[in-house]
Amino acid sequence: MMEERDIVDLLPEYLLGTLDPDQAQAVEAALAESPALRREAESVGRVLFALPESLDPEPLPDEAWTKLQTAVRAEPPVRQSTVGKRGPWAAMFRTGLRPTGIALALSLVLLVVVGAWGWQGARMQADLANEQRIIAYWMRNPDLQIVSLRGVGAGARPGADARPEIPPGVVCVLPDGRAMMLQPYAAPGGSRYVLYGITPQGRVELGETSERFMLFDASKLIGVELALQGRRDELVAEARF
Amino acid sequence: MDEGVSDAELMARVAVDRNTRRQVRDSSDTRLQRPGQTVMAVGEDALRELLRRHGPSVMAVAHRMLGNREEAQEIVQDTFLRLYRHAANFRPGRASVRTYLFAIARNLATSQLRKRSARPRPAQGIDPHSVAFQAAVGIPDDPLPGILVRDALSHLEEGERGLLDGAFYLGFSHSELAEMNGLPLGTVKSRVRRALLKLRRLLEEKVS
Numbered sequence: 011m012m013e014e015r016d017i018v019d020l021l022p023e024y025l026l027g028t029l030d031p032d033q034a035q036a037v038e039a040a041l042a043e044s045p046a047l048r049r050e051a052e053s054v055g056r057v058l059f060a061l062p063e064s065l066d067p068e069p070l071p072d073e074a075w076t077k078l079q080t081a082v083r084a085e086p087p088v089r090q091s092t093v094g095k096r097g098p099w100a101a102m103f104r105t106g107l108r109p110t111g112i113a114l115a116l117s118l119v120l121l122v123v124v125g126a127w128g129w130q131g132a133r134m135q136a137d138l139a140n141e142q143r144i145i146a147y148w149m150r151n152p153d154l155q156i157v158s159l160r161g162v163g164a165g166a167r168p169g170a171d172a173r174p175e176i177p178p179g180v181v182c183v184l185p186d187g188r189a190m191m192l193q194p195y196a197a198p199g200g201s202r203y204v205l206y207g208i209t210p211q212g213r214v215e216l217g218e219t220s221e222r223f224m225l226f227d228a229s230k231l232i233g234v235e236l237a238l239q240g241r242r243d244e245l246v247a248e249a250r251f
Numbered sequence: 232m233d234e235g236v237s238d239a240e241l242m243a244r245v246a247v248d249r250n251t252r253r254q255v256r257d258s259s260d261t262r263l264q265r266p267g268q269t270v271m272a273v274g275e276d277a278l279r280e281l282l283r284r285h286g287p288s289v290m291a292v293a294h295r296m297l298g299n300r301e302e303a304q305e306i307v308q309d310t311f312l313r314l315y316r317h318a319a320n321f322r323p324g325r326a327s328v329r330t331y332l333f334a335i336a337r338n339l340a341t342s343q344l345r346k347r348s349a350r351p352r353p354a355q356g357i358d359p360h361s362v363a364f365q366a367a368v369g370i371p372d373d374p375l376p377g378i379l380v381r382d383a384l385s386h387l388e389e390g391e392r393g394l395l396d397g398a399f400y401l402g403f404s405h406s407e408l409a410e411m412n413g414l415p416l417g418t419v420k421s422r423v424r425r426a427l428l429k430l431r432r433l434l435e436e437k438v439s
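In order, the protein sequences belong to chains L and D.
Add 10 to a position in the first sequence, counting from 1, and you land on the number used in this note's numbering.
Add 231 to a position in the second sequence, counting from 1, and you land on the number used in this note's numbering.
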């Protein structure tokens, strides 16, 4: 059983529809039992749904009403009995269109194969879309400062082996110190980016990632350096704030 | 033509239109409808007036969430169509029509955002058509002026405002906001709570 304090913390997400079903159910059960919680939910809801009042209204296109009116008039009547009617699947089997056993087995095999391939593709697409969503979220902030990472090529450090240049990306920094390193590509060849922070006292490792972005705290840093896993002494990019 | 009528009364007319489309034979209240006017026409007039009053604000919410005018226009259309379909579920005195519209539009726009990110979520959360939602967000039929809300928002810290924006306009859960901002989940929850408490206090002070 969740504490009332925990329920109160969940109220904003509950009202905005972002809780998972179990938590939403727990909140509903708690609201059903507690008038105080219901008053709190009402109060939180009032504040949340007042947020849009801060936006300037935007004019609708001239045809907005005509389109809505057309859609409303096309709405089916409210009362529509479905007793005695059969759906399309039932009708199909009634007319004798039954797949054979072999055809059904082949369909299942094809479904599994295509499904696995499609799932893999869909998963990659979902990962990419999620990444884009995070980046877009950051880019919407008007106070975001963007600092270019400067590529450090093979000739920058004496003795370094020549290697393909990794296009440098950017570091995005917010006034409160939250920052994101963003590269055009994920780390090459199955490797990982290693990000270092530069402070007045020296260099600290901030973390590593195979993805093309990484979040970190830049509040005490004067710069960052980027290397690749396995070649930590060979920088690929750097930036000074 | 319906400018002096309350939102709740307009919703009632829309609900009547939705449920019964029949010819009105006469009317004893000329303020409410013109004699001979069909119920359907009365309902449409009411819906048109609601679109006039609240459509631009719903458009602003949708545009803010989606960043695209064409998509936002579709959201407005769908929002008012849903208002029409569920007019009978609306409980005047428990929620304002405006809040109801914002909630519908927000739900639709959030679904659109999630389609873009190709991350389907399980059905969850609260249905704006439900009595439970309307009980939870019941406010009087006179919404707060935008200038009060904007002023209250200006008192929030930048991080607090960003989290509220992410939660309300982008439909992110607290877990997602924590991931995107590199913050612990508890920190996100407490900042959102703090922001809402601050807003509540400021808005109550201004209204009183």
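Simulated from the structure, these hints should not be mistaken for laboratory data.
Every residue gets a Cβ at the ideal spot worked out from N, C-alpha and C, and that includes glycine.
Incorrect hints may have been included.
[Said to hold, decoys possible] Stretch by stretch, here's where chain L covers chain D in the computed footprint (C-beta under 8 Å, at least three residues):
no. : region
1   : 235 to 243
2   : 305 to 319
3   : 327 to 334
4   : 377 to 387
5   : 424 to 434
Results for each hint:
Look at the region 235 to 243 of chain D against chain L: 0 of its residues bring a Cβ nearer than 8 Å to a Cβ of that chain, fewer than three, so the hint is violated. For the region 305 to 319 of chain D, the assignment as covered by chain L holds, since 6 residues bring a beta-carbon within under 8 Å of that chain's beta-carbons and 3 suffice. For the region 327 to 334 of chain D, the proposed coverage by chain L is satisfied: 3 residues have a C-beta within less than 8 Å of a C-beta in that chain, meeting the threshold of three. Counting residues of the region 377 to 387 of chain D whose CB falls under 8 Å from any CB of chain L gives 5; the rule of at least 3 is met.
Counting residues of the region 424 to 434 of chain D whose beta carbon lies closer than 8 Å to any beta carbon of chain L gives 5, which meets the minimum of three for the stated coverage.
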